[in-house]
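Line by line, the protein sequences give chains F and D.
In terms of the numbering used here, the first sequence has 156 at position 164, counting the first letter as 1, and numbering is strictly consecutive.
In terms of the numbering used here, the second sequence has 384 at position 392, counting the first letter as 1, and numbering is strictly consecutive.
Honestly, I wouldn't trust all of these hints.
What the hints assert, rightly or not - Beta-carbon label-pair distances, calculated as ranges: (1) F:Lys205 / D:Pro390: 36 to 44 Å; (2) F:Glu207 / D:Trp295: 43 to 51 Å; (3) F:Tyr387 / D:Asn254: 26 to 34 Å; (4) D:Pro356 / F:Glu207: 47 to 55 Å; (5) F:Lys291 / D:Pro377: 40 to 48 Å; (6) F:Glu239 / D:Ile19: 55 to 63 Å; (7) F:Arg270 / D:Ser139: 54 to 62 Å; (8) F:Ala388 / D:Ser139: 46 to 54 Å; (9) D:Pro377 / F:Lys193: 37 to 45 Å; (10) D:Tyr130 / F:Pro345: 13 to 21 Å; (11) F:Glu286 / D:Val128: 35 to 43 Å.
Said to hold, decoys possible - 25 Å max Cα-Cα, derived DSS-like pairs, lysine-lysine: (12) D:Lys166 / D:Lys202; (13) F:Lys375 / F:Lys233; (14) D:Lys193 / F:Lys375; (15) D:Lys143 / F:Lys375; (16) D:Lys166 / D:Lys143; (17) F:Lys332 / F:Lys86; (18) D:Lys110 / F:Lys202; (19) D:Lys143 / D:Lys205; (20) D:Lys166 / F:Lys375; (21) D:Lys193 / D:Lys205; (22) D:Lys125 / D:Lys375; (23) F:Lys375 / F:Lys86; (24) F:Lys14 / F:Lys178; (25) F:Lys110 / F:Lys205; (26) F:Lys233 / D:Lys178; (27) F:Lys375 / D:Lys375; (28) F:Lys169 / F:Lys70; (29) D:Lys14 / D:Lys178; (30) D:Lys375 / F:Lys205.
To be verified - Some chain F residues judged to face chain D by a derived CB distance under 7 Å, without partners named: (31) Ala227; (32) Arg365; (33) Glu376.
Keep in mind that the hints were calculated from the coordinates and are not lab data.
Computed from a predicted model, the values in this text were never measured in an experiment.
In this text, a Cβ means the ideal position worked out from N, Cα and C, and glycines have one as well.
2 protein chains.
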Amino acid sequence: MRSVGIVAEYNPFHNGHLYHLKQSKEISGSDVAIVAMSGNFLQRGEPAIVPKWTRTKMALLSGADLVVEIPYAFAVQKAEIFALGSVYLLDALKCSSICFGSELGNIHPFLHTVDLLKDQEETYNSRIRFYIKQGVSYPKALALAYSDLEKNKDTVDLSRPNNILGYHYIAAAKKLKSNVEFFTVKRNTAEHDDQTIHDDKIASATSIRKLIKQEGNLHRIRPYIPEATYNEMEAYYRTYKHFHDWEDYWPYLQYRLLTMNNDELNQMYDIEEGLPYRLQRAAESSGSFQSFMENVKTKRYTWTRLQRICVHALTNTTRTDMNSAGETPGYIRLLGMSAKGREYLNKVKKDLPLPLVSTVSAFPEALFTLDRRAALVYSQVMKEPARSDLFSMEYAQPPIMAD
Amino acid sequence: MRSVGIVAEYNPFHNGHLYHLKQSKEISGSDVAIVAMSGNFLQRGEPAIVPKWTRTKMALLSGADLVVEIPYAFAVQKAEIFALGSVYLLDALKCSSICFGSELGNIHPFLHTVDLLKDQEETYNSRIRFYIKQGVSYPKALALAYSDLEKNKDTVDLSRPNNILGYHYIAAAKKLKSNVEFFTVKRNTAEHDDQTIHDDKIASATSIRKLIKQEGNLHRIRPYIPEATYNEMEAYYRTYKHFHDWEDYWPYLQYRLLTMNNDELNQMYDIEEGLPYRLQRAAESSGSFQSFMENVKTKRYTWTRLQRICVHALTNTTRTDMNSAGETPGYIRLLGMSAKGREYLNKVKKDLPLPLVSTVSAFPEALFTLDRRAALVYSQVMKEPARSDLFSMEYAQPPIMAD
């Protein structure tokens, strides 16, 4: 059985994801699609609009065969670590290939770029340091340093968000000495972060979430999502009366920032000198997450990095916590599978290099501290009994079966 | 000018408090009444129904001349420390006397009891240790040890809550070598913690709060409170749409308990081994503060001690924080004064042994860390802009003037 790996967030699953999933199976010639998906908090430091369980169902009902969770310690991270954790999981699950969406849609320039950056590593790093010293943000420094390198083959435009992720998947595989083969599918129409809608079937997840928020219902997004997504979103809303948004978490973040002492703030993961004071002053005077972020934003920090720091403060994730999570994931947390996914899993199960977790309660609690806190915080914005229901799924929910 | 000191919480100010205030001035022959009042969180580990500013106004409009705040580090404490902090402030403000309400209403047995316990200190302490070892709560052990002592004079029944406080005020004055004279007024009708109403004019603060909660308005409590209290309560509710109750703070306490790691929990003030695990398990499974408290309660911990621990967890008050607050208050925070109070203050001002704080912003921020966090947490349950308004009073509100 050939398997293709996909790294995703599905926030929510839409027609573009459906296209990517189908294409991935087709161009890689795979029988099963394995998805490494972030949990309740996402790579760009945001709560997912619906929990991982609902997003798992969406994926399974639209053609995914196996969905595993990217642990919090790798999901809420910059692209490099996010990619390393994801590729590690897919490689551990014996994926024959990995297929990612990109603005470019041609795999060779990605491979050349990874080689190029490896060959010119020293120059590249010294250029990065140079730009950082000039006071530009890290991603910006990367882009500038990259543009300074000599290129004699086709390379990738690393200013595009999905190209960057694609680059990091391949670099991660190289670092992990994995033999997984790479494919890429050109993203159709919708830009990753696009807030407007260009096509009558395809819209970015960002614009879909924006529409839901504006309209207060799901009606307008129906053309852009598979029927299964619509049904799952609708069912979730009917039960929990809630789609999750940063603003819901704002009172907790504010409370947290304002009650931490300076030592505690300095221990938070990814926080740098000077930021604690800035965060606290902004928290005191801001009435919403949006205005807080606008107050705290500087050239030095990207919006997404600040959002991730906020998620870490919210979940009380310290540098020590992150260090003890290790350099690669320590377990494979199974969120759901199709009949075919199950068949595949039965074949590879005995050779897995990591424990396969289908019931959390069967493993030491300490293994899941960060994921558990993330689940707790995620459900905290809901009223009882919804809060308890959703939180208890973290322990009690067996992998979701489709078919 | 003779001055009488009063220790109070005024939660809210009612006819019983009015009676006590008038009687205190009368029997002590005082021109001014000075009130040491707890801030937004109270001795028994509860949020006050309305903020300290509103309660200060109530007191001033009903005959108090000077209201100063018992700092958080002394207010949210067992009776002994609460009394020490309060008496220290009143003594520092040169009160000629202190007058407290008690179930007994006769001062001599209080004085005898303080002497008795001083004389038989060793026996008393060894009996306390004996009962603690038997697994009974600290207050219960005190009461049992006390009943074991030989008494050849009239002593006080220390099983009654106001008698206990009275005893501690006198013991504190002795410890502080203060010459302040003591008076006591017999409490009329309403027991301290009484939830029912016996008299047509007097009801306990507890029963008044219960009525407000039940009825959702102030109508039924009108007979039991001065007109000024009614007006202030009504104005507060009109502006903020909110009376403060533990249940409002429950989501934050739950969030806090469930995101702290074990080290952090163990650093909280007054927490003992074994309790962190118990608190976290109860927080996971409880849907309200009431049910949480019922789940966490044991014979070993009194309800009020557990509530205080919860307030400390909520405000992130560690053992280190409390230690650095010192053994006695480090400042006199002025909340409000009448014309006569101002006159009095002008007379004693130059001899005060402590800094007099009328504008917080004129002093180092570190001095007020705990009070500031308490004010922050207290206002966190309100919607914007009420939250910002109330919180900014912590810095900006000058002492309230009544004439």
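Status of the hints after comparison with the structure:
About 42 Å separates the C-beta atoms of F:Lys205 and D:Pro390, a value consistent with the hinted range of 36 to 44 Å. Range check, F:Glu207 to D:Trp295: Cβ separation about 48 Å, and the 43 to 51 Å hint holds. F:Tyr387 and D:Asn254 have their C-beta atoms about 19 Å apart, which leaves the hinted 26 to 34 Å range violated. As the Cβ distance of D:Pro356 to F:Glu207 is approximately 51 Å, the hint placing it in 47 to 55 Å holds.
In this structure the supplied range 40 to 48 Å is violated for F:Lys291 paired with D:Pro377, their Cβ-Cβ distance being about 30 Å. For the pair F:Glu239 and D:Ile19, the beta carbons lie near 57 Å from each other, so the given range of 55 to 63 Å is met. For the pair F:Arg270 and D:Ser139, the supplied restraint of 54 to 62 Å holds, since their beta-carbon distance comes to about 58 Å. At about 50 Å, the beta-carbon gap between F:Ala388 and D:Ser139 stays in the expected band of 46 to 54 Å.
Between D:Pro377 and F:Lys193, the C-beta spacing of about 43 Å keeps the proposed range 37 to 45 Å intact. Distance hint for D:Tyr130 and F:Pro345: a CB-CB separation of about 54 Å, inconsistent with the stated range 13 to 21 Å. Look at F:Glu286 against D:Val128: about 56 Å separates their beta carbons, and that is not inside 35 to 43 Å. Taking the CA atoms of D:Lys166 and D:Lys202, the gap is about 37 Å. The hint is violated against a cut of 25 Å.
For the given pair, F:Lys375 sits about 9 Å from F:Lys233 by alpha-carbon distance, which is consistent with the 25 Å threshold. Pair hint D:Lys193 plus F:Lys375 does not hold up; C-alpha atoms about 40 Å apart against a cutoff of 25 Å. As the CA atoms of D:Lys143 and F:Lys375 are separated by approximately 56 Å, the hinted pair breaks the 25 Å bound. Taken as a hint, the D:Lys166 and D:Lys143 pair is honoured in the structure, with Cα atoms around 20 Å apart against an allowance of 25 Å.
This hinted pair checks out: F:Lys332 and F:Lys86 have alpha carbons roughly 15 Å apart, not beyond 25 Å. Under the criterion of a C-alpha separation no larger than 25 Å, the hint pairing D:Lys110 with F:Lys202 is inconsistent with the structure, at around 71 Å. Restraint check: the Cα-Cα separation between D:Lys143 and D:Lys205 comes to about 44 Å, which exceeds 25 Å; the hinted pair is violated. Taking the CA atoms of D:Lys166 and F:Lys375, the gap is near 51 Å; set against the 25 Å cutoff, the hint is violated.
For the given pair, D:Lys193 sits about 19 Å from D:Lys205 by alpha-carbon distance, which is consistent with the 25 Å threshold. A threshold of 25 Å between alpha carbons decides the hint, and for D:Lys125 with D:Lys375 the separation of about 47 Å lies outside it, so the pair is violated. Restraint check for F:Lys375 and F:Lys86: not satisfied, since their Cα atoms lie roughly 41 Å apart, outside the 25 Å limit. Using a Cα cut-off of 25 Å, the hinted pair F:Lys14 and F:Lys178 holds, with the two alpha carbons roughly 13 Å apart.
Restraint check: the Cα-Cα separation between F:Lys110 and F:Lys205 comes to about 43 Å, which exceeds 25 Å; the hinted pair is violated. Note on F:Lys233 and D:Lys178: the hinted pairing is violated, with a Cα-Cα distance of about 54 Å set against a maximum of 25 Å. With a C-alpha separation of about 17 Å, the suggested pair F:Lys375 and D:Lys375 falls inside the 25 Å cut-off, and the hint holds. Using a Cα cut-off of 25 Å, the hinted pair F:Lys169 and F:Lys70 holds, with the two alpha carbons roughly 21 Å apart.
Between D:Lys14 and D:Lys178 the alpha-carbon distance is near 13 Å, which keeps this suggested pair within the 25 Å criterion. For the given pair, D:Lys375 sits about 20 Å from F:Lys205 by alpha-carbon distance, which is consistent with the 25 Å threshold. The interface hint given for F:Ala227 is violated, since its Cβ lies 23 Å from the closest Cβ of chain D, which is over the 7 Å cut-off. For F:Arg365, the shortest C-beta to C-beta distance to chain D is roughly 6 Å, which falls under 7 Å, so the interface hint holds.
Of the supplied interface hints, the one on F:Glu376 holds, with its beta-carbon coming within about 4 Å of a beta-carbon of chain D, less than 7 Å.
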